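Protein chains in written order, with the working numbering: chain G, 1 to 334; chain H, 335 to 880.
Just so you know, these hints were derived from the structure itself, not from any lab. Don't take each hint at face value.
Calculated lysine-lysine pairs in the PhoX-like style (CA-CA distance at most 25 Å, straight line) [to be verified]:
no., chain 1, residue 1, chain 2, residue 2
1, H, Lys-379, G, Lys-326
2, H, Lys-379, G, Lys-334
3, G, Lys-54, G, Lys-68
4, H, Lys-379, G, Lys-68
5, G, Lys-261, G, Lys-39
Here the structure is a predicted model, which is why all the values come from computation and not from measurement.
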Amino acid sequence: MKIKALLAGLAMSMVLPAANALAQDEIVVYSARNEHLIKPIFEKYTEKTGVKVKYITDDAGVLLEKLKAEGTRTPADIYLTVDAGNLWQAADSGVLQPLESEELNSNVPANLRDPENRWFGLSVRARTIVYNTNADVADKLQSYEGLADENWKGRLVLRTSKKVYNQSLVASLIASHGEEKAETIVEGWVSNLATAPFSNDTKALEAVAAGIGDATIVNTYYLGRLMKQKPELPLAIFWPNQKTDGVHMNVSGAGLTAHAKNKGEAIKLLEWLSGPEAQADFAGLNMEYPVNDSVALEPLVQSWGSFKGNPLNISVYGELQADAIKLMDRAQYK
Amino acid sequence: MTKPHLLLTFHTFRPDGWQLAACLLAALVAVPVAVIFASLLHPEKEIWAHLGQTVLASLLTNTFWLCSGVMVCTTLLGVSLGWLTGACSFPGRSFFTWALTLPMAIPAYVMAFIFVGVMDFTGPFQTLLRTLPGFERTIIEVRTTPFIVLVMSLTLYPYVYLLSRSAFMSQGNKLMEAARTLGLSPWAAFFRVALPMARPWIASGLALVLMETLADFGAVSIFNFDTFTTAIYKAWFGFFSIQAAAQLASILVLFAMMLVLVEALYRSRMRYHGSARGGSAQTRIRLTGARAVAATLFCFFIVAVAFILPVLQLIIWVIEAAGNNSLPNYNSEVSRTLLLGIVAALLTCSAALLLSYVKRTSPTRGNMLLCKFATIGYALPGTVLAVGIFLPIAWLDNHLQNLMEVMFTIETGPILHGTLLVMLLAYMIRFMAPGFGSIDSSMQAISPSLDEAASIYGIRGLKLISSVHLPLLKKGILTGFILVIVDVVKEMPITLMTRPFGWDTLAVKIYELTSEAEWERAALPALYLIFASIIPVILLIRQSEK
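Can you build the whole structure from these sequences, using the hints too?
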């Protein structure tokens, strides 16, 4: 029975175009944010408004290329992705359109959205320092820049430079110090490494917990996830740069596509996503920080305390991303 | 007067029809490759200069060592295991015959993650080691070249194993007996008779291994091991230059083309026509005593390391991740995955059979190249090939829609993309190599005198294929079929990019969870994926044993 239905489905999909993508009251989202983080939220929206949300997930770069190739014919109304660099690239290549919305403007702080309103941050991802509580680091921990000091020799653990989060971090170093000084800092990091860079934040955290190194730089929600599984790990958060420019802030966010078919409904969805009802889930499901400060924090996130974030407009990460990658290649940060 | 003339045209037209179909197939493959090559028209000088000055040298060295290491290891493993199960008899042989193909079901990225998870500093192995006296400060670096070679070889050796095994089986033992009668020791007979005869099969197996290694991104990125493919991804996802990525990819294509040319030249000097009779129980080399034990232990060790242990680790993760929660159900993903695999394998193997037939009936240099060209998609990183496929489809689709609007004033929505047809075509373009490799190797083993005999009775074309070739090709086709199904089931980037709404497969689920490093949660869909590809493997191996 099931196989029959499946075969019928197969036959249909072979010949029938995805024409129903054009149906009214349906919003199509291209999302680089994972299904399990968006599905419950979209389901809630459908339940509330009756508007269906269809989505397809893939890498940010792939989805962007897809949008470009589809041009005016794209079925997508919204492009949703992680990292400000990715959002900036999308805006820069012309697949997003500016939109005027009082609600979005008041819900999303100005430094967490595009100056031209082509995209809006929807959750904040703080990239901070996590250290081993058994290590003697009290006087050594101050800032991202400080991790390049001699006294960190053989004690630093990092994730690969290929991850966009580190590219954005280095972009913000370039923005505050200029390229030359930023390069010296990254070179310092590389010479302080305890082991070759890891492919993900979780592995870097585990290495610090095992005492391979004393500290690492990660997005806070990776620590949150790990601590929920293994609360006994000797790991704690340190908020760096509190006396200078503040903690490095990144976002996951979204924008309206340039050729959205269902513009009105798409804007309503974006507004709802930035509102209090969705924000708790949008950030909470992944233990991120909401962009909308009227929303309460997830309890574990709350326990990490408050911090000063870098007020820099995050679109800078996109502008400086290529420079950051080149810099890291020169510094032999793998 | 007219009758012979008609006959003549009929006779000359016939091969042309096949030729035409083969050319069409090659053209289909050519489009995405051409899209990628077109990027060379606008060189991204700045990115090239940057890569050249900073990372290119180390990327090339890394890639060289990775490829050489994997080729050496897969040859050693694949040929020795193929020989043992194909030509010898020892306790457990019939079990190992199919068990040794199982590691193929584990995608390299899953294997790499399991290996790093278990063996790295923070994994159970080294954590335990540090509790032993004298080892408290021991740190073993496992994210290094030898270990990535090991991991990739353990998932890729089945390609060489399957093909060399079917070579040894189709040789029959008459040759070995003749060699022994002439006074050669068993080892000498193997190295001087059986092995040289099996070279085309081993070579096609190795070509697959090399292409997979070159195209791999998943496994190397888990090791944070920089290869040429890494540079392609850096150009695309880092510098957001699909142009530069495509340019780098065209170098990979050029390299793969060179490789197949060298292989074709080397192979054209040899002809292989075996008796196509399998080694039956009586003619196998019977291993006894210590040798039999050694053979059994060796096979068991490989199955354990490459399959049983990794699967056990996945099961442990599933149990850990489950806790008290109920496990999600992936039934519909499993059926979609299998269905796509089977349909794509049917399509690919039919196309491969056609190419192989054309190559056989008119073995011109042009046709040789045509076939080689049609298999090139395998050497491209999946994501790059996916773009090469997607761009022309989207272009065509936009124009078709404009046409519909202008001519019939109908708003159709996407006509081609977002349909399964595109997805299946993409799979075919990508996986022609494994399908064609095994079918064509078997085709070469059929003596041309058979065709000549058949043509005396007027048996040509489809009739020749169906009544003469197909029965003899059964093993080759089955092997190709398994390889393609398993590859499709594991495939990630093309599936992600071309799937219609709602057609999420197991690989998509794994991608979802692993893109943010939630590997423990991905263990369940990974297990499903492994078991989904095992079903066809076991069924078909059983079939081929008969």
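Results of checking the hints against the structure:
1. About 14 Å separates the Cα atoms of H:Lys-379 and G:Lys-326, which keeps this hinted pair within 25 Å; it holds.
2. Proximity of H:Lys-379 to G:Lys-334 is assessed by CA-CA distance (about 22 Å); at most 25 Å being required, the pair is judged to hold.
3. For the given pair, G:Lys-54 sits about 19 Å from G:Lys-68 by alpha-carbon distance, which is consistent with the 25 Å threshold.
4. For the hint pairing H:Lys-379 with G:Lys-68, the CA-to-CA distance comes to about 23 Å; that is within 25 Å, so the pair holds.
5. A distance of roughly 22 Å separates the Cα atoms of G:Lys-261 and G:Lys-39; the hinted pair therefore holds under the 25 Å criterion.
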